[in-house]
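Enquirer: Dock chain B against the given chain A, drawing on the hints supplied.
Number of protein chains: 2
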Amino acid sequence: MIEIERKFLVASEAFKKEAQKSTQIVQGFLNTDPIRTVRIRIKGNQGFITVKGIGNESGTSRFEWEKPISVNEAEQLLSLCEPGMIEKIRYEIQSGKHTIEVDEFFGQNKGLVLAEIELDNENESFLKPDWLGKEVTGDPKYYNAQLSKNPFHLW
Amino acid sequence: MIEIERKFLVASEAFKKEAQKSTQIVQGFLNTDPIRTVRIRIKGNQGFITVKGIGNESGTSRFEWEKPISVNEAEQLLSLCEPGMIEKIRYEIQSGKHTIEVDEFFGQNKGLVLAEIELDNENESFLKPDWLGKEVTGDPKYYNAQLSKNPFHLW
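Protein chains in written order, with full-length UniProt numbering: chain A, 1 to 155; chain B, 1 to 155.
Isolated chain A (complex conformation):
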């Protein structure tokens, strides 16, 4: 399917008080190429394998295919991944009828906090909380696959 998403920097920690849920995520990549990204993720007590294609020009929409797998399978596959594991906590925040996902990164990407919002179409409007910062949709530097190779602490 095609995923339509916009991505933003996060300007303050205020989002944490509004979060309904937070989940530990560890992920690695079997391919970091943006035209055929293959991601292995453990999110809470569930594993996933995800394939992403190249985005459209604005970077808003991207082919995405995902399959749940067991944590044990995900652990085995993580051990095959490229160096540069991503560790983060994902917070879910309700904003009007949308859910904003905020990722607080750790390890090599400590200090980076990114927000993502999934939309039904590119022009759909949504409520912007005041802790939402600069938009970075489509900037490959903020793709998690790129963060695994060129992490925030090197910027």
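List time: in silico SDA-like cross-link candidates among lysine to any residue, alpha-carbon distance up to 25 Å:
hint, chain 1, residue 1, chain 2, residue 2
1, B, Lys149, B, Val26
2, B, Lys67, A, Glu73
3, B, Lys17, B, Gly111
4, A, Lys7, A, Met85
5, B, Lys67, A, Met1
6, B, Lys43, A, Phe63
7, A, Lys16, A, Pro129
8, A, Lys43, B, Ile69
These aren't lab readings, by the way, just hints derived from the structure by calculation.
Expert: Quick look at chain B alone, frame taken from chain A:
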């Protein structure tokens, strides 16, 4: 899991008369790197996503993880694969208690025929039919991922 396999060239077409079964296979790769190969396959009316790791020194055993997916999912994922689709017919031939899989390649690899036998351990013996040719176990040139980049017609 770890797969233990030996691979051989095929010296004649005699295997076709002994085949119990033949199935059309189309496959592509989201990553051809032998240390983290990601393969998308349509075999008959079933799709698969498969991840393979690096083999041991002799090339006999290799980590392999596979998940069935729908043909529709496989078709979408094939469109993201690296150039160099592999097309082949797989014949299954019973040889004593083992099944030998013989792949007859088409397209860019037309003329190549390879046999594979899965074993319980590296030293397990098996019945060798007289159409089995030279052993090529562990020769990366014969990995399907390599055949997609450097096909037989270029050798």
